[in-house]
Amino acid sequence: MTAAAAAPVAPLPAPPAPLLSVRDLKMTFPGRTAFPGWMAFPGRRARSAAVRAVDGVSFDLAAGETLGLVGESGCGKSTTGRMIVRLLEPTAGSVVYDGRDISRLRQRALKPLRRELQMVFQDPHSSLNPRWTAARIIADPLLVQGGSAAGARRRAAELLELVGLLPQHLDRYPHEFSGGQAQRIGIARALATGPRLIVADEPVSALDVSVQAQIVNLLARLQEELGPAFLFISHDLSVVKRVCDRVAVMYLGRIVETGDKERVYAAPAHPYTRALLSAVPLPDPAAERARERIMLSGTLPSPAAPPPGCTFHPRCPKAREVCRSEVPLLRVATAGEAREVACHFPEPEPSG
Amino acid sequence: MAGEPLLRVSDLTVTFPTGRGPVRAVEGLGFSVHRGRTLGIVGESGSGKSVTSLAVMGLHTGAEVTGSVVLDGRELTGLAERELNRLRGRRMAMIFQDPLSALHPYYTVGEQIAEHHRVHFGSRRAASRRRAAELLGEVGIPEPALRAGAYPHQFSGGMRQRVMIAMALACEPELLIADEPTTALDVTVQAQILELIARLQEQRALAVVLITHDLGVVARVAHEVLVMYGGRAVEQAPVDALFAAPAHPYTRGLLDSLPRLDDGDDEPLRAIPGSPPSLLDPAPGCAFAPRCPRAAAAAPAERTRCEDTRPELRSAEGHLVACHLSPHTAAHARRGTR
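Residue numbers (my numbering), protein chains in the order written: chain A, 30 to 381; chain B, 523 to 860.
Hints listed in this document are in silico derivations from the structure and should not be mistaken for laboratory results. Every residue gets a Cβ at the ideal spot worked out from N, C-alpha and C, and that includes glycine. Wrong hints could be hidden among the right ones.
Some chain A residues well away from chain B (every beta-carbon gap over 12 Å; in silico) [to be verified]:
| no. | residue |
| --- | --- |
| 1 | Ala79 |
| 2 | Leu117 |
| 3 | Pro170 |
| 4 | Glu190 |
| 5 | Ala242 |
| 6 | Val351 |
| 7 | Ala362 |
Some, not all, of what chain B presents toward chain A, calculated at C-beta under 10 Å [stated by the list, open to error]:
| no. | residue |
| --- | --- |
| 8 | Glu660 |
| 9 | Pro664 |
| 10 | Pro666 |
| 11 | His675 |
| 12 | Asp708 |
| 13 | Val711 |
| 14 | Gly738 |
| 15 | Val743 |
| 16 | Ala744 |
| 17 | Leu777 |
| 18 | Asp778 |
| 19 | Asp784 |
| 20 | Arg792 |
| 21 | Ile794 |
| 22 | Gly796 |
Between the sequences and the hints, there should be enough to build the whole structure, so can you do that?
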C-alpha cells in the first residue's frame, strides 16, 4: 500500500522492494453439490452458495520481517497462508514473491521455489509421516531438491541440534516424540532448505502452555539467527504479540486492521480489534476485575452469505447507516501513522 | 467460608488398568466447593483434571475409583448406578469441551433438553418442551421457541455450547462441572460464554467446578484455584493469592511461561524445560522434580529428597503447597513490578 507515502507529511524514504507482496488475494470455494447433476430438479438448488473464504487481502512482507495474521476461526487466515505457499491456487489476485508473481505458476515451476517457501503446521504429529524417522523427515526436502543422501543426513543432524534436540533422536519415529519435540522436528524440516519465508500456521496452538513457551522462544531465536521472514498465523493475540513485528487482523476474509505491533496493541483503531483484545483473558485476577470489556453479540457470519457493507456491522457496537451499505477500504486513519484500518469510524474518533 | 461445602472430595484416586500395568491418573486429590463459588482446576494435558471431573460425576466405568465424593452430605462413591442416575442431571450436571460430540445429532436440541425434564420431574411432553424453549431463551439463544426445533449441526460452536449449558441447567442442579467449556471457542465467543456462566451462577447460587488449561480464564472466573500436575494437586489457593504469589515452582513456571498481553516482550519467555510426565512410569518423588528449577538449585541432599519422596500438601500462608522446598516463612516477592 502506498497510502502512507501519499499522506501530507514528510515523505518516508522509499522502502526496499518487499520480499512478499500480496495484492487483492481472493479464494472462493465452490458450494457443495447437494445432488449429482442427474438428480437435480427444478426448484432445488444443486449447489450451496460459494464460500468467499478470502475476499481481497493485500499486504507486504519485507525480508526478515515477522507479520502476525490474527483472527478467529473461519476468518480466512489459514487459507491466506496456504495460498502464499501455493498449497492452494488463488481464485484471484497476485502473490509476488521476490519480484515474481507465483500465484499462477504450475507445480513444476514452483519446485525450485519450494526451497525458499516453507511451512510449519499446527498439529505436529499429523504433519509428520509416522513411518519415517526424524532423519528422513528432515532430510526429505533436501533430497527432493537434489542433495546427496549422506549430506542430507549430516544436515539433518545439524538441524536437530539447532532446534534443541539431540543427534540420537535422528533414528526415532514421530510417535516416540512428545508434542513439543515433534513440533521441533516440523520446524527443522521447514528450515532444512534455508528458506527465506516461513508460513507458520498456528505452530504452538496444539501444545501445552509450558511447552508452548519453549517453541515460541525457539522461533524467536531462529528468526534472529537465520533471519527468514515469518508469516505467523494464529488466533492467540498474546503469542502474536511476542513473536511479531507487525500484525494484520482478519475478519470474514478481509484485513480490518494492520500496522506495527506496538500501535495496534496499544491503541487498536478497529472496533473488532478492540473487542478481540478486550476478550483475551489476562492471567491476573485484579486486572481482570478492573477491566472494561467490549462484549460482541453474535458470532462470525457465514462467509457464504457475508453481510452487505462492512461485514462487521451486525456485531459492531458503533455501526451506523453507512456501515450497512458501504464497504470500508483499508486506509491510513491517522496521517503519518504506520497503521491502516478498514472502518468508517475508527478509534479514536476524529474530533477535528 | 462459613457453612458446609456443597461438594467435598477427599483422597480421590483413579486408577486405570492398561496393557502396561495400572495407571494412576489421579492420586490423593481433595477439594471442596461451596454454593455460589467457583473452583478452577488448572493443569496441562495428562494432569488428571478431566479424570477428576468424570470421577465426581461417577462416569468412570473401567477405572477403579477410591476416596470420597460427598455432595450435600451424601457419599457418592460406591453408589449404585440407579441412584447416581437420579443425581446426575438433577443435582449435579456437566458441560463438555466439544458440544457437537456431546449432543445427539438425530434429536432436536429442544427434545434433548426436554428429555431431562421428563426423566427427572416426570413432566408432560408439552410442558417439558415449553420449559426447554424457556431455557434456550435464558442462555441467550435468539428466537428460542423456533430454535428448539433445530438440530445440533444447525448451530454455531458458541450457540451449541449455550445449548449444552441450557441442558445442564434444565433440572436446576446445584453443582455444575464445566470441563474446558470454552477451549474450542474463539475469544470473543469465550467471553460471552464465561459471562453467561457467571450470570447463571449468581442467579442460582450454583457451585461451579471449572476445568481448564487457561490461566487467564481461571483468573477471570474462579474464586479458588487448584493446580494439578501429574495426577496430583501441587497447589491450592484463593485466586488472588495464587496469582500474586505462586508458592509451587510449577505454578510459578506456568505463569512465567505465559505470553501475556499486558507485558513487555523484550525478554524471552521463561519456559519450563522438558515436558509433562508420563503417568505410565511415575517417579517415586515429586513429579515435577525433573523440570524443577528449585530442585536443580538445591543442595544434593535436598534434591534427593525431591526425587525420592512424594511431597505432601501442606498449608503455607493461605496456600496449600506440595513442595519440599517451599519456604514456609519467607514471603514470596510479588511477580514483577506491576
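For each hint, the structure was consulted:
Every C-beta of chain B lies more than 12 Å from that of Ala79(A), the closest at about 20 Å, which supports listing it as non-interface. Interface exclusion of Leu117(A) from chain B stands, the closest Cβ pair being 23 Å apart, more than 12 Å. Pro170(A), annotated as away from the interface, keeps every beta carbon of chain B farther than 12 Å; the closest lies near 26 Å. Distance check for Glu190(A) against chain B: the nearest CB is about 16 Å away, which clears 12 Å, and the non-interface claim stands.
Taking the minimum C-beta to C-beta distance to chain B, about 4 Å, the non-interface status of Ala242(A) is violated against the 12 Å cut. With a least CB separation of 24 Å from chain B, Val351(A) remains clear of the 12 Å interface cut-off, as annotated. Listed as a non-interface residue, Ala362(A) keeps its Cβ farther than 12 Å from every Cβ of chain B; the least gap is roughly 22 Å. Residue-level restraint check for Glu660(B) is violated (minimum Cβ-Cβ distance to chain A is 16 Å; threshold 10 Å).
A least Cβ separation of about 9 Å between Pro664(B) and chain A falls short of the 10 Å threshold, and the interface hint therefore holds. For Pro666(B), the suggested interface contact is broken, since its CB lies about 15 Å from the closest CB of chain A, more than 10 Å. Here the hint on His675(B) is broken, as its CB sits about 14 Å from the closest CB of chain A, past 10 Å. With its C-beta approaching chain A no nearer than about 4 Å, Asp708(B) sits inside the 10 Å limit, and its interface hint holds.
Among the interface hints, the one on Val711(B) holds; its C-beta lies about 6 Å from the nearest C-beta in chain A, closer than the 10 Å criterion. The restraint placing Gly738(B) at the interface with chain A holds, with a minimum CB-CB distance near 3 Å, inside the 10 Å limit. Against a cut-off of 10 Å between C-beta atoms, the interface hint on Val743(B) holds, since the closest Cβ of chain A lies about 9 Å away. Restraint check, Ala744(B) versus chain A: the minimum CB separation of about 8 Å is within 10 Å; hint holds.
For Leu777(B), the shortest C-beta to C-beta distance to chain A is roughly 6 Å, which falls under 10 Å, so the interface hint holds. Residue-level restraint check for Asp778(B) holds (minimum Cβ-Cβ distance to chain A is 8 Å; threshold 10 Å). Because the smallest distance between the Cβ of Asp784(B) and any Cβ of chain A comes to about 6 Å, under 10 Å, the interface hint for this residue holds. Here the hint on Arg792(B) is kept, as its CB sits about 7 Å from the closest CB of chain A, short of 10 Å.
Interface hint status for Ile794(B): upheld, as the beta-carbon distance to the closest one in chain A is roughly 4 Å, under 10 Å. Given hint, Gly796(B) at the interface with chain A, holds; its Cβ is 8 Å from that chain's nearest Cβ, closer than 10 Å.
Hints 5, 8, 10, 11 from the list above are not met by this structure, while the remaining hints are.
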